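The working numbering puts the first residue of the sequence shown at 91, with every later residue one more than the last.
Bear in mind the hints are in silico, worked out from the structure with no lab data behind them. One thing to keep in mind: the hints can contain errors.
As the list claims (entries may be wrong) - Just the calculated beta-carbon pair ranges, DEER-fashion:
(1) Thr131 <-> Ala202: 38 to 48 Å
(2) Thr136 <-> Ala202: 40 to 50 Å
(3) Gly243 <-> His124: 16 to 26 Å
(4) His208 <-> Arg237: 21 to 31 Å
(5) Thr136 <-> Gln244: 29 to 39 Å
(6) Ser133 <-> His208: 40 to 50 Å
Keep in mind it's a predicted model, so treat the numbers as computed, not measured. Every residue gets a Cβ at the ideal spot worked out from N, C-alpha and C, and that includes glycine.
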Amino acid sequence: MTPGEPITLTCAPITAVVRRSTVDLRATARAALHDLQVAITGSASTVASTPEGRPYLPDRPDLGVSIAHDGDLVAAAVGVGVRVGIDVQVPTRAGAGMLRRCCPPATRVALAALDDEHRDHELARIWAVQEACVKAQGTGLAGRPWRIPVHIGQHDGRWHEHHWHSIDAGVGAPVSIAHGTHRERDPR
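Whenever a hint applies, use it, and build me the whole structure from the sequences.
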C-alpha cells in the first residue's frame with residue numbers, strides 16, 4: 091500500500107463476523123480486526139482507542155478501522171486511506187420510540203405496512219447504516235445518526251462525504267459500512 095494506490099475498502103463480515111460463546115464482544119471484535127489487518131497488509135498493528143472509544147492504529151495512520159458488535163455478532167472494517175465505520179444490528183422488536191428516533195414520518199408509515207419480521211429487519215438495517223455513517227464521520231451518537239435519511243429497501247447511498255452500503259453477510263443481521271472520500275487523518 092503506497093500513496094497513489096486507489097482507495098480500497100475492505101469489510102469483514104464474511105471472514106470476521108463470528109459467532110461468540112462467552113468471549114467478550116469487544117475483544118472478539120478486536121480479534122476480527124486483527125485478522126482483517128493481516129489479510130490486507132500481511133501484518134497487524136496494535137489497536138488503540140481515542141478517548142471517545144474509537145479504534146485506530148497508531149502505527150498505520152493510512153488505515154481507517156472500525157469495529158461493531160450486537161447480540162452474538164461482531165464486525166470489523168479496514169479502509170486504506172479512508173475513515174470507515176461499520177455496524178451490525180440484530181433485528182429486535184421495534185418500539186414506537188425507536189421508530190420515532192430513527193425514521194421520518196413517511197418511513198414510519200412504510201415500516202408499519204410491513205409484517206413484523208420484515209419491519210424489524212428493515213429498522214435494524216436503517217439503524218446499522220446510520221450508525222456506520224456517524225462512525226465513519228468520527229462523531230458516534232453525537233453525530234445524531236437518526237437524522238441520516240435511509241429509505242426502506244435502500245442498500246447504497248451517500249450522506250455528506252460518506253458513501254454507505256448495507257450488505258447481507260449471511261449472519262441473519264444487517265451489516266452496514268460507510269467510508270469517507272478523503273484520506274484518513276490521525277484520529278487523536
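Could one say that the CB atoms of Ser133 and His208 fall in the range 40 to 50 Å? holds (43 Å)
Between Thr131 and Ala202, does the C-beta distance stay in 38 to 48 Å? holds (46 Å)
Could you see if the CB distance from His208 to Arg237 stays within 21 to 31 Å? Distance hint for His208, Arg237 holds at roughly 24 Å.
Regarding Thr136 and Gln244, is the given constraint of 29 to 39 Å on their beta-carbon distance met? Holds, at about 37 Å.
A range of 40 to 50 Å was offered for this pair. Does it hold for the Cβ distance of Thr136 and Ala202? holds (47 Å)
Has the hinted range 16 to 26 Å been met by the Cβ atoms of Gly243 and His124? Violated - the Cβ-Cβ distance for Gly243 and His124, about 35 Å, lies outside 16 to 26 Å.
Checked against the numbered hints above, the structure violates only hint 3.
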